[in-house]
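Going down the list, the sequences are from chains A and B. Those letters in the first sequence? Residues 1 to 460, per UniProt numbering, in order. Those letters in the second sequence? Residues 1 to 460, per UniProt numbering, in order.
Some clues are possibly wrong.
Same chains, same label: a pair holds when it works inside one copy or across any pair of copies.
With a cut-off of at most 25 angstroms between alpha-carbon atoms, the simulated SDA-like pairs for lysine to any residue come out as follows [what the hints assert, rightly or not]:
(1) Lys429 - Arg233
(2) Lys107 - Gly94
(3) Lys107 - Asp43
(4) Lys338 - Ala390
(5) Lys354 - Gly210
(6) Lys261 - Ala144
(7) Lys107 - Pro89
(8) Lys74 - Arg229
(9) Lys148 - Ala19
(10) Lys107 - Glu51
(11) Lys429 - Asp304
(12) Lys182 - Asn115
(13) Lys261 - Glu39
What the hints contain is simulated information worked out from the structure, not anything from laboratory work.
2 protein chains.
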Amino acid sequence: MKRILAALPLLLLAAPLPAAAQSASAQAERLRDAATSDEIAYDIVEGLTTEVGARPAGSEAEARARSWAVRKLKALGFSNVHIETYDMPVWVRGHEQAEIVAPFPQKLVVTALGNSGATPPEGLVGEVVGFDSLADLEAADEAAVRGKIVFVSHDMTATQDGSQYGYFGRVRRQGPSVASRKGASAIVIRSIGTDSHRLAHTGHQAWDAGVTPIPAGALTIPDAEQLQRILRRGRAVTMRLVLTPRNVGIRQSGNVVAEVKGSDADAGIVLIGGHIDSWDQGTGAIDDAAGLGITAAAAKRIMDAARPRRTIRVVWFGAEEVGGDGSRAYFAAHRHEKVVFVAESDSGGDRIWKMDAGFAPANVDIADRVAALLSPLGISRGNGRPSAGADLGVWARAGVAAIDLQQDSSRYFDYHHTPDDTLDKVDPKQLSQNVAAWTAMLSIVANAREEIDKVPSANP
Amino acid sequence: MKRILAALPLLLLAAPLPAAAQSASAQAERLRDAATSDEIAYDIVEGLTTEVGARPAGSEAEARARSWAVRKLKALGFSNVHIETYDMPVWVRGHEQAEIVAPFPQKLVVTALGNSGATPPEGLVGEVVGFDSLADLEAADEAAVRGKIVFVSHDMTATQDGSQYGYFGRVRRQGPSVASRKGASAIVIRSIGTDSHRLAHTGHQAWDAGVTPIPAGALTIPDAEQLQRILRRGRAVTMRLVLTPRNVGIRQSGNVVAEVKGSDADAGIVLIGGHIDSWDQGTGAIDDAAGLGITAAAAKRIMDAARPRRTIRVVWFGAEEVGGDGSRAYFAAHRHEKVVFVAESDSGGDRIWKMDAGFAPANVDIADRVAALLSPLGISRGNGRPSAGADLGVWARAGVAAIDLQQDSSRYFDYHHTPDDTLDKVDPKQLSQNVAAWTAMLSIVANAREEIDKVPSANP
Chain A
1 MKRILAALPL LLLAAPLPAA AQSASAQAER LRDAATSDEI AYDIVEGLTT
51 EVGARPAGSE AEARARSWAV RKLKALGFSN VHIETYDMPV WVRGHEQAEI
101 VAPFPQKLVV TALGNSGATP PEGLVGEVVG FDSLADLEAA DEAAVRGKIV
151 FVSHDMTATQ DGSQYGYFGR VRRQGPSVAS RKGASAIVIR SIGTDSHRLA
201 HTGHQAWDAG VTPIPAGALT IPDAEQLQRI LRRGRAVTMR LVLTPRNVGI
251 RQSGNVVAEV KGSDADAGIV LIGGHIDSWD QGTGAIDDAA GLGITAAAAK
301 RIMDAARPRR TIRVVWFGAE EVGGDGSRAY FAAHRHEKVV FVAESDSGGD
351 RIWKMDAGFA PANVDIADRV AALLSPLGIS RGNGRPSAGA DLGVWARAGV
401 AAIDLQQDSS RYFDYHHTPD DTLDKVDPKQ LSQNVAAWTA MLSIVANARE
451 EIDKVPSANP
Chain B
1 MKRILAALPL LLLAAPLPAA AQSASAQAER LRDAATSDEI AYDIVEGLTT
51 EVGARPAGSE AEARARSWAV RKLKALGFSN VHIETYDMPV WVRGHEQAEI
101 VAPFPQKLVV TALGNSGATP PEGLVGEVVG FDSLADLEAA DEAAVRGKIV
151 FVSHDMTATQ DGSQYGYFGR VRRQGPSVAS RKGASAIVIR SIGTDSHRLA
201 HTGHQAWDAG VTPIPAGALT IPDAEQLQRI LRRGRAVTMR LVLTPRNVGI
251 RQSGNVVAEV KGSDADAGIV LIGGHIDSWD QGTGAIDDAA GLGITAAAAK
301 RIMDAARPRR TIRVVWFGAE EVGGDGSRAY FAAHRHEKVV FVAESDSGGD
351 RIWKMDAGFA PANVDIADRV AALLSPLGIS RGNGRPSAGA DLGVWARAGV
401 AAIDLQQDSS RYFDYHHTPD DTLDKVDPKQ LSQNVAAWTA MLSIVANARE
451 EIDKVPSANP
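Given the sequences, and given the hints that come with them, work out the whole structure.
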């Protein structure tokens, strides 16, 4: 049936063809159902996390991951598998130690935030001044902060949509710059996370223009609560902090690209992906080997079923964790190509529960067809505007149509950016539900006979 | 009522007095119910873990913990609060690092087991030979082990009674000696635990007589599973291991003692307690600040209600984790005193679900009365032989009557001997259920009008 349709004149294809659409949906449904027992995605996650492990941006391990990815994507049968490199500045972790010196001597568990400044090798010692929120720090008198080690807490809790990461994550993203501007000698924050383990959550932060870098770390959540209890005793609290990260200069990173060639070069490209780099302490299983597995498995399932109308391009981006150098390099090099749709997977491997679609008014029927196919997987249709994630958001903001397949984030921030991001946190059953949803979506979008238009200011 | 009874002649008291027993049970019931909202135990756990933190045996921190305990127990109104010191050899942790060198370079998380030998400062490099169980290692040919780094896994799972710790814990207790005897250069085991976090479980092991100490560590469970996956790929696996612990010689440790004085010196002593030392990486909240809080809170509740017939002696033992020096010192010094009953709390702070009692046949009615009072707390009567724990077991084995109030161990081995043993793992509601059960038990046992006899070979 699909071969006959591909031979029909374009004018006819542009007109509504309920029977053909029905058939395309039926094919998508078959692919979806087959994908519910997918093992390709888990195999990718298992392989990359076992055979490479941690793969921080700009490192030799990230380069090994790219080589691994090229071998794997070629073995899966993708076309045009290649690496696109770029250069970037690299920051690496050093020694990390924290302890309460007085009044109750004890060790605390700390890790440096991205781009943290360094203490002397023997550490710095200072009085701790605590704040329950970023707002409290922002409102603080400079005199209360100058020369001290700032501690900032927050009230982040686990949510299904993961939205508290954006909201409370400001403590990590803005806190260090605010503390430095007020003259703090260092800052430690309560980890941006939702667990209760002695594993600190690192993460990217960039210094505001003109701000002097200071040592900036995250305490584990039990350690942050311990420090709060100690501070509440009302006595002066002295901490020794050792963080010796270094900027090691410009290194090479890269994006890995693979394609499923479409039959109609004029129909535009469907661009999907996740990121291949990870933080340095875990093996990056949920962040984001899962996204690599999900997107590649879905694309392969489309490829193996029949040549789609549109080329599906899978990009495994480098350097997402440290600010998105891979995303920027890719957009700069490819922005003039006809990319008509983007979707990213970068929130772990737990089940998709909601779809947010952003299409031009003329293309809303595509979203309707996708939604109908996702419903039996327990996925509802949301009314949010898709972001298309950290790596592909730039395309959505430029007006490219997008779908966010929202993953359940209830436990994602228990492990996110910690040593605990390891394979055992990936549930194969939930991972294959992701592949089923992505396969259905890709099947509809890549084969849609309508032209897929830009979205007029839908994603400003 | 109790004053009148106390004035009655001993002969009369020895005869069955159903009405009086009923009244004693009624008092125990009132104390039990009041204790369900206990806050004393949590206050002790919070205070010790916050104001001292980790308190490894023989350390300055353990000494600070003893001082803290003396202040606390005096403030609670106990009598005869004092420290009994003893000397012991002390082993301290050094640097700890592990990495796969080939075929898939990556870091692993390791911690040294107690009494581990040391690697050179730069570590040792060796081929890894893996075994799925201690039995497999024991059966292995020396030629397969000699000069290699032995890795031993096991299949421990979480159980309510915690019994798999004894069974699978042999991997930790015996594995190092077996590996050394076969000429291994070092051993790393899968942590004896039931979690899935990148936090290794340390723990005591002693070298068999004549065995040369070798470096002995525990990988976290995710790291052990990673190593197993790597080994299963069938290529030679090389590991670099750095463990630099030291024996630092003889140091002082001690037991902290407090009493509730009884009215009848001839009726014997009720001896209860837990241990004040902890492993060095957590703050020892569940192991065993919880046991200190539970036993002291229950004793204080008896003390505040009325003078009991028997003296209740609370001992917070030192050095339990490293082999029981405190227990041995205490037994050696006090074995000739008339201790008639022992009970220990050292399995965390989760609820008690079962009581195992060991009394002489003539005293079975005491167990019956305790059991009747525990039933409304959701505690069943088991048919096991009480061990009385690591610190007081020596008394039970010598024939002293004992009760084990079995705590729910379902999650205990998720945190046990890891940095994750912190205050947030203690559930105040479950902790107060413990106090209620202990209060009821102590009220019955300390006030029982019967003589409490030795148990003839019931606890061999």
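Classify it for me, lysine 107 with aspartate 43: is the Cα-Cα distance of at most 25 angstroms met within a copy, between copies, both or neither? For lysine 107 and aspartate 43, only the inter-copy Cα distance (22 angstroms) is at most 25 angstroms; the intra-copy one is 40 angstroms.
Homomeric proximity label, lysine 338 with alanine 390: Cα distance no greater than 25 angstroms: within (20 angstroms within a copy, 72 angstroms between copies)
Within, between, both or neither: lysine 182, asparagine 115 at alpha-carbon 25 angstroms: within (18 angstroms within a copy, 48 angstroms between copies)
Between lysine 354 and glycine 210, at a C-alpha cutoff of 25 angstroms, which is it: within one copy, between copies, both, or neither? Neither way: lysine 354 and glycine 210 sit 41 angstroms apart in one copy and 64 angstroms across, limit 25 angstroms.
Reference check for the pair lysine 429 and aspartate 304, CA-CA at most 25 angstroms: within, between, both, or neither? Result: close within a single copy only, 22 angstroms intra versus 56 angstroms inter.
Please work out whether the CA atoms of lysine 429 and arginine 233 approach to 25 angstroms or closer within one copy, between two copies, in both situations, or in neither? between (47 angstroms within a copy, 24 angstroms between copies)
Alpha-carbon proximity context of lysine 107 and proline 89, limit 25 angstroms: between (32 angstroms within a copy, 23 angstroms between copies)
Since the copies are identical, ignore which copy is meant and state whether lysine 261 and glutamate 39 lie within 25 angstroms (CA to CA) inside a copy, between copies, both or neither. within (23 angstroms within a copy, 68 angstroms between copies)
Should lysine 261 paired with alanine 144 be assigned to within, between, both, or neither, using CA atoms and 25 angstroms as the limit? neither (61 angstroms within a copy, 51 angstroms between copies)
Given a CA cutoff of 25 angstroms, do lysine 107 and glycine 94 count as a within-copy pair, a between-copy pair, both, or neither? both (18 angstroms within a copy, 14 angstroms between copies)
25 angstroms Cα threshold - placement of alanine 19 relative to lysine 148: neither (70 angstroms within a copy, 67 angstroms between copies)
Evaluate lysine 107 and glutamate 51 at a C-alpha cut-off of 25 angstroms and name the case that applies: within, between, both or neither. between (34 angstroms within a copy, 12 angstroms between copies)
In this structure, the hints that do not hold are numbers 5, 6 and 9, in rising order.
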